[in-house]
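Participant: Sequence:
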Amino acid sequence: MVKLFFSFYKRVLPLPSENWSSSVDMWFCHKHGNDDTDYKSLSLIPKLGECFVGTSYLLVRSTHLLVRDSHNGTVTCPSCHIEIGAKFVERKKLNEINSYTDNPVYKIFSESVQFHRDDNLYLNESPIQNKEAFFAKMINEQSHAYTSFRLILSGEKENKKIQCLIWLIDPNLLIFEGEASSEKKEVKLKPLSVMKILYKCDISDTSRLKTGRSTVFDQWASDNSVHGFHLPYILCSSLITCLIKNTKQLPKSHRCLNSFLVGILHYNR
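When the count follows the numbering used here, it moves up by one through the sequence shown with no breaks and lands on 300 for the last residue.
Just so you know, these hints were derived from the structure itself, not from any lab. There's no promise every hint is true.
[Claimed, not checked] Each computed DSBU-like pair below joins lysine-lysine, with the alpha-carbon atoms no more than 30 Å apart:
#1 Lys219 <-> Lys118
#2 Lys276 <-> Lys188
#3 Lys118 <-> Lys188
#4 Lys219 <-> Lys168
#5 Lys192 <-> Lys283
#6 Lys219 <-> Lys138
#7 Lys279 <-> Lys191
#8 Lys188 <-> Lys279
#9 Lys221 <-> Lys138
#10 Lys138 <-> Lys283
#11 Lys41 <-> Lys78
#12 Lys227 <-> Lys283
#13 Lys215 <-> Lys168
#14 Lys188 <-> Lys78
#15 Lys221 <-> Lys283
#16 Lys168 <-> Lys138
#17 Lys221 <-> Lys168
#18 Lys138 <-> Lys215
#19 Lys221 <-> Lys188
#20 Lys78 <-> Lys168
#21 Lys215 <-> Lys41
Sequences and hints are given; from them, build the entire structure.
Facilitator: Right, dumping it as structure tokens:
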């Protein structure tokens, strides 16, 4: 179990996209001196006093965490025991660049934590609302960055693999929601800003052999107009849970479209 505590950072730096290593040849057009570093195999890790912020997670050193027991490398909340992160696994050790045995780096999922100013300690937003807003923002940013309305989200854990096809239909849709009962004649509606998407999910066992037939997942994966990016397994699972929960709130006649499920993600409530 690992517990976060109040700390200051000397530098907070943004991480590049998940597939930054595939474009590294465009950044380093030649070697400097006797530099034989294979930059594609490197992991970007923070130094002491630094915090790296990515699209779906942030990287911090163990000096900013209160480590109680992390034999399995997971980061859990001491109050609710929910997994909020994991120990960062380096791609390849290279001299002192990725050597941090004494002060390991931990990956904290962005949807599991909240950031606020010192003068605003109490937030009105619940963790569930914050989670949906995080996923909606992440999907919208990925869609704009890669000019694609179709995304493939994937996550792996041991022998399990999650794939989720996301088709962004409307990034900013206004709907009205209210509770109705047989006793009340009037229903009060409140406006909600949501993101409407079509989605299809698949949870498979990577230890088993794949069948030879082509699926919609294979078709999307081979399509250059579809952008794919990797997320931690628990984030993919959490996203699917949110989508299924919101799909069940829709009328039955509006839950499916062309073999895809219709889902919404709330920006706010």
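Participant: Each hint should be assessed against the structure and marked as holding or not.
Facilitator: Checked hints:
1. Lys219 <-> Lys118: 47 Å, violated
2. Lys276 <-> Lys188: 23 Å, holds
3. Lys118 <-> Lys188: 13 Å, holds
4. Lys219 <-> Lys168: 28 Å, holds
5. Lys192 <-> Lys283: 29 Å, holds
6. Lys219 <-> Lys138: 43 Å, violated
7. Lys279 <-> Lys191: Status holds; Cα separation ~25 Å.
8. Lys188 <-> Lys279: Holds, at roughly 27 Å.
9. Lys221 <-> Lys138: Since the Cα atoms of Lys221 and Lys138 sit roughly 37 Å apart, the hinted pair is violated (cutoff 30 Å).
10. Lys138 <-> Lys283: 39 Å, violated
11. Lys41 <-> Lys78: 10 Å, holds
12. Lys227 <-> Lys283: This hinted pair holds, its Cα atoms lying about 16 Å apart.
13. Lys215 <-> Lys168: Roughly 36 Å between the alpha carbons, so the hint for Lys215 and Lys168 is violated.
14. Lys188 <-> Lys78: Holds, because 27 Å separates the two Cα atoms, which is no more than 30 Å.
15. Lys221 <-> Lys283: Holds: Lys221 and Lys283 sit about 22 Å apart, inside 30 Å.
16. Lys168 <-> Lys138: 20 Å, holds
17. Lys221 <-> Lys168: Holds, because 22 Å separates the two Cα atoms, which is no more than 30 Å.
18. Lys138 <-> Lys215: Distance of about 49 Å is beyond 30 Å: violated.
19. Lys221 <-> Lys188: 40 Å, violated
20. Lys78 <-> Lys168: Holds, at about 28 Å.
21. Lys215 <-> Lys41: Roughly 57 Å between the alpha carbons, so the hint for Lys215 and Lys41 is violated.
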